[in-house]
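2 protein chains.
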Amino acid sequence: MHRVVIVGAGFGGLFAARALRRADVEITLINGTAYHLFQPLLYQVATGILSEGEIAPPIREILRKQDNVDVRLGWVTGVDAAAKKVSVEAPGLEYEVEYDTLIVAAGASQSYFGNDQFADHAPGMKSIDDALELRARIFGAFELADLQTDPEAVERWLTFVVVGAGPTGVEMAGQIAELAHRTLPGQYKRIDPRKARVILVDAIDAVLTSFGDQLATRALRQLHLLGVEVELKTKVVGVDATGIDVETPRGHERIGSMTKMWAAGVAAPPLAKALAEATGAPTDRAGRIEVRPDLTVPGHPEIFAVGDMMSLDGLPGVAQVAIQGGRYAADQIKRRLAGKEPRGPFKYLDKGSMATISRFSAVASVGRFRFSGFIGWLMWLAVHLLYLVGFKNRVTAVLHWAVSFLGRGRSERVSTFQQAFARAAVREYGDPFERLPQPHRHP
Amino acid sequence: MHRVVIVGAGFGGLFAARALRRADVEITLINGTAYHLFQPLLYQVATGILSEGEIAPPIREILRKQDNVDVRLGWVTGVDAAAKKVSVEAPGLEYEVEYDTLIVAAGASQSYFGNDQFADHAPGMKSIDDALELRARIFGAFELADLQTDPEAVERWLTFVVVGAGPTGVEMAGQIAELAHRTLPGQYKRIDPRKARVILVDAIDAVLTSFGDQLATRALRQLHLLGVEVELKTKVVGVDATGIDVETPRGHERIGSMTKMWAAGVAAPPLAKALAEATGAPTDRAGRIEVRPDLTVPGHPEIFAVGDMMSLDGLPGVAQVAIQGGRYAADQIKRRLAGKEPRGPFKYLDKGSMATISRFSAVASVGRFRFSGFIGWLMWLAVHLLYLVGFKNRVTAVLHWAVSFLGRGRSERVSTFQQAFARAAVREYGDPFERLPQPHRHP
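Just so you know, the protein sequences line up as chains Z and A, in that order. Numbering-wise (the numbering used here), the first sequence opens with residue 1 and increments by one. Numbering-wise (the numbering used here), the second sequence opens with residue 1 and increments by one.
Where hints are given, some of them may not hold.
Which copy is meant is left open, because identical chains are indistinguishable; a pair holds if it fits in one copy or across any two.
[To be verified] The list that follows gives simulated cross-link-like pairs (lysine-lysine, BS3-like), each with its CA atoms no further than 30 Å apart:
#1 Lys-85 to Lys-65
#2 Lys-189 to Lys-334
#3 Lys-273 to Lys-334
#4 Lys-126 to Lys-85
#5 Lys-126 to Lys-273
#6 Lys-85 to Lys-273
#7 Lys-65 to Lys-195
#8 Lys-340 to Lys-85
#9 Lys-189 to Lys-85
#10 Lys-189 to Lys-65
#11 Lys-84 to Lys-189
#12 Lys-195 to Lys-235
Keep in mind the hints are simulated off the structure, nothing from the lab.
Can you build the whole structure from these sequences, using the hints too?
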């Protein structure tokens with residue numbers, strides 16, 4: 001039986017596996033976590049709207065009715081393109097899996113543009129751990145502000161800086177502003193949460209650049225209405241415990257802030273480099289694999305790279321590119337096995353982009369049409385509801401979400417101090433593979 | 001204005017604060033976390049039924065309509081009974097709060113009976129971090145079992161040991177068995193989750209001893225029906241990475257198991273010792289404050305100790321004792337302020353005990369009546385539903401819970417590797433107060 005190995009259960013890998021559900025193949029789907037992460041809603045976990053379970057269904061549950069797939073936990077660390085096998089690390093063991101066709105869809109990592117030390121003070125927005133850490137820091141900041149006696153300290157604790165004005169950054173900034181203005185007022189004796197400053201910083205000169213000028217302008221207006229301060233053409237040159245240093249058009253400035261978050265850049269994961277070395281494939285500046293028009297790695301028609309880790313015609317790193325890429329690769333495999341002509345080059349169909357800015361306000365771009373405000377928000381809601389319902393089939397999760405999102409409350413405000421500082425402890429503690437009684441590794 | 005300081009927002013502290021809502025007092029409620037923890041459902045977080053947010057509403061939200069209370073984050077580290085003030089540590093700062101009346105309700109800690117090294121391998125069941133760590137270990141065990149090639153290793157990963165056959169241990173064991181038999185079958189290629197062994201161990205000779213012989217016997221039968229192996233008169237003498245050593249009536253035995261959990265003992269928190277030293281109050285063997293019949297500390301009628309950290313007439317460490325104690329203390333304060341006669345000694349009204357063993361099966365003891373099986377379960381459900389609805393006022397949470405609990409799925413299966421090993425890393429990393437850029441401390 002033809003063996004298909006899929007690396008990564010993000011949008012690309014998962015949709016490839018599903019598209020092969022009736023194919024006469026043996027699929028091994030290898031992922032570093034047991035769940036698929038619905039990344040576009042990660043910011044809602046960080047801001048207390050959703051629980052982590054609601055955006056991260058177990059892969060085994062999604063694919064439980066698909067008999068031709070074997071889900072395996074592990075991190076693919078290497079590819080042997082000659083022997084057609086991948087090597088995998090899992091907690092406490094290593095294994096290899098042979099393939100006839102390989103689909104690599106390992107996503108992207110956060111990039112700090114060479115300033116990895118920023119990560120200690122400005123967590124990224126890529127994983128559940130990131131979101132829970134940010135949740136702990138955001139809600140913790142209001143608690144700690146309330147305890148300060150020095151007015152400057154209060155101000156630092158009530159200043160939130162979001163770096164990166166793409167969809168994730170815009171959505172985070174909007175939700176923190178809503179939290180400060182809508183959820184928390186009246187709950188503190190000494191501070192007024194409405195005095196919190198939310199500052200959205202980006203080096204370029206617009207928010208949501210991928211949405212086009214018209215929506216960018218509307219998004220900017222909606223952010224201003226929410227009270228978000230947007231600092232464009234502003235480059236972050238330093239991040240430390242108590243603030244952030246920026247180069248603005250006005251010159252160098254220092255923003256005092258205890259709570260910073262990073263939604264600014266992505267880089268190819270380590271596996272992209274390993275794959276490039278194994279196959280001689282070229283990579284772009286971000287380290288992504290430059291694939292052929294049919295998404296295969298040059299010289300290796302049996303290896304597809306899809307989603308955020310591949311580079312082709314400047315396609316954006318969005319869920320739809322990964323989903324369509326995964327399906328395209330699956331289709332090519334089915335055609336090959338059936339002896340049919342291969343499909344033509346991969347064509348990305350832009351189904352539109354949308355970003356929610358606050359309750360009742362979003363921007364959406366669909367084909368030639370642009371929507372913003374309430375209409376944009378309704379569209380955003382419809383698409384996400386449909387997706388969640390269809391994908392997770394959990395009525396209560398959607399209800400929970402609708403109620404939290406429509407109401408003023410945040411039902412998932414809980415976080416622990418451990419979550420707030422585990423990352424730093426774990427990094428310094430060292431590789432738990434080596435040290436822990438029950439070995440586990442942070443993916 | 002009369003100043004009441006309440007230490008701890010568990011059942012005792014929270015109900016004391018609410019009972020004082022119409023009193024002419026200024027309340028300061030100090031707690032180490034921003035949330036109240038509904039501890040009786042912690043095992044449902046650990047086994048993927050509920051999210052942590054659903055059992056831990058923010059204290060500020062619960063008390064948002066009560067103007068006479070000031071909620072403050074912090075750990076009370078000392079009491080100055082002469083100057084009538086408490087000293088508090090919070091992340092990055094220390095402060096003091098003066099009181100006219102003090103209610104100390106700081107709960108209990110996990111006790112390993114002098115074997116604290118067991119904690120590394122057998123997490124307790126006291127905090128959200130505990131529950132998330134256990135969730136990561138339990139679900140991770142099935143993932144890792146599926147990857148093992150050595151049959152003995154598979155068996156070790158599929159063996160779960162719960163130490164302590166009180167309500168928490170019984171409920172944990174029951175839920176892991178249900179997980180193995182009801183939720184996970186069919187989701188793995190190489191293992192059969194139904195082959196998982198769940199072993200419940202206790203040094204005494206019955207489960208649920210506080211429920212009386214009749215219910216203990218029924219609970220034992222229900223556990224057997226679920227496939228749980230119950231090992232009584234079995235003392236744990238060692239816990240390490242790959243198993244547990246026990247002294248059984250048959251002699252010394254070794255149980256190979258990668259996943260152990262500890263629900264066996266409680267000890268007074270460090271604050272009990274500080275309070276005893278500050279007031280000269282006697283303590284019992286577990287370190288709990290021996291209070292006078294009116295719940296005050298001997299020689300200090302202005303200091304009440306309620307809930308798990310006080311010792312009186314052998315009252316059990318259950319939520320109802322804390323709730324009634326908190327209300328009693330509040331009532332005494334109101335009487336004193338009104339110049340009324342004090343109430344007589346604190347009388348605990350046993351409203352009954354219940355423990356759920358599996359879906360559709362529980363044991364309940366109410367007054368002279370004993371219920372078990374489906375009737376017991378309906379009672380358990382009704383009480384918890386009423387409590388959750390009344391207390392948290394969140395219809396969706398209850399719906400979510402009902403659907404998860406009635407269905408086969410577990411909607412909160414997500415956990416991260418970081419959660420699985422953060423405790424060990426954090427402990428070795430040292431006090432984050434000293435080291436972290438944004439200081440936080442594990443309570």
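Between Lys-189 and Lys-65, at a C-alpha cutoff of 30 Å, which is it: within one copy, between copies, both, or neither?
-> between (53 Å within a copy, 12 Å between copies)
Lys-189 and Lys-85: within-copy, between-copy, both or neither at 30 Å Cα = between (61 Å within a copy, 20 Å between copies)
With 30 Å as the alpha-carbon cut-off, assign the pair Lys-126 and Lys-85 to within, between, both or neither.
-> within (28 Å within a copy, 45 Å between copies)
Is it within, between, both, or neither for Lys-85 and Lys-273, if the alpha carbons may be no more than 30 Å apart?
-> within (16 Å within a copy, 60 Å between copies)
At most 30 Å between C-alpha atoms: does Lys-189 with Lys-334 qualify within a copy, between copies, both, or neither?
-> Between. Shortest inter-copy distance 23 Å satisfies the 30 Å Cα cut-off; intra-copy 64 Å does not.
What label fits Lys-84 with Lys-189 when the C-alpha limit is 30 Å: within, between, both, or neither?
-> between (64 Å within a copy, 22 Å between copies)
Are the CA atoms of Lys-195 and Lys-235 at most 30 Å apart within a copy, between copies, both, or neither?
-> within (25 Å within a copy, 57 Å between copies)
Have a look at Lys-273 and Lys-334 and pick one of within, between, both or neither, based on CA distance no larger than 30 Å.
-> within (28 Å within a copy, 70 Å between copies)
Within, between, both or neither, where Lys-340 and Lys-85 count as close if Cα-Cα is 30 Å or less = within (26 Å within a copy, 83 Å between copies)
Could you figure out if Lys-85 and Lys-65 sit no more than 30 Å apart (CA to CA) within one copy, between two copies, both or neither?
-> The answer is within: 27 Å in one copy meets 30 Å, while 62 Å across copies does not.
Up to 30 Å CA-CA - Lys-273 versus Lys-126, copy category = Result: close within a single copy only, 19 Å intra versus 44 Å inter.
Within, between, both or neither, where Lys-65 and Lys-195 count as close if Cα-Cα is 30 Å or less = Classified as between; 21 Å across copies, 51 Å inside a copy.
Hint violations for this structure: none, all hints satisfied.
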